[in-house]
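Input sequences plus hints: build the corresponding full structure.
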Amino acid sequence: MKFPAFPALLLTLVLSLGLHAPVHAADPLRLATGEYAPFTSESLPGGGPLTEIARRAFAASDPDLKISFLPWKRGYSETLEGKHDGTFPYGRSAERERDFYFSESYYTVDRRMYYLAESGLKPEDITTLKGKRYCLPLGFALPKDMGALIDNKTLEVQSPPDLASCAKMLLIKRVDFFIATPYIAETAMAQAGIKEIAFVSKSVGKGENFLIVPKSHPRGPAIIATFNKGIAALRAKGDLDKIIKDAKL
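For reference, each letter of the sequence shown is one residue, going -25 to -1, 1 to 224 in mature numbering (1 follows the signal peptide of the UniProt record, and there is no 0).
Because the hints were derived from the structure by calculation, they are not lab data. All values derive from a computational prediction rather than experimental measurement. Don't take each hint at face value.
Okay, derived cross-link-like pairs now, PhoX-like style, lysine-lysine, Cα gap no bigger than 25 Å in a straight line [stated by the list, open to error]:
hint, residue 1, residue 2
1, K223, K181
2, K212, K223
3, K119, K177
In structure tokens form, the structure reads like this:
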């Protein structure tokens, strides 16, 4: 018995459409972040202002967006493995630029160098960094301007598990400096039981925050474009500034 070709053609078309349906139609977008108060934290309202910004940037395209709070190293590696579609907030580094697409920057922070007054360090004079020991906690991005100094052995890097350890190591002169945003540094010093007056700090530039998506992700550029579009809309309506202002950052 010979069946009409039309039903078979229709079945093929339906299957084809199903195979090529947008991923987020069936699977909500999955993002990873971690504890980085006051910017992101599971204990903060809405997960913190940068989490709230990410959620609202995707609100129109992915209303069922899932955000997981994980240890930074795990969230980063699992995102590279494809278990999450992206992760935030991250700064730029040469290593990350090899593996990830970057969104537009959506929040900028002041980066400061913390050191002891008697160390002879002058952040504005790169020659004073020669032979110094830089404390860079595990999971922290290496600032681009420090990369060349490390490559040519001008700087020695020590990487304890967290910034509080850096503060303790600086106080007992096991390292010469660390770099962090003011709030993060103050929190680390408080955790280490150190008074802020113990260290000198000077601005060494701005740190930008990005959503990053693996270059191996088939929808990577589209996810970044959607996020950028959402950020632009939030900025145009004044909502981005309001979220930051309400968080008292």
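Okay, the hints, checked on the actual structure:
1. K223 - K181: holds (18 Å)
2. K212 - K223: holds (19 Å)
3. K119 - K177: holds (18 Å)
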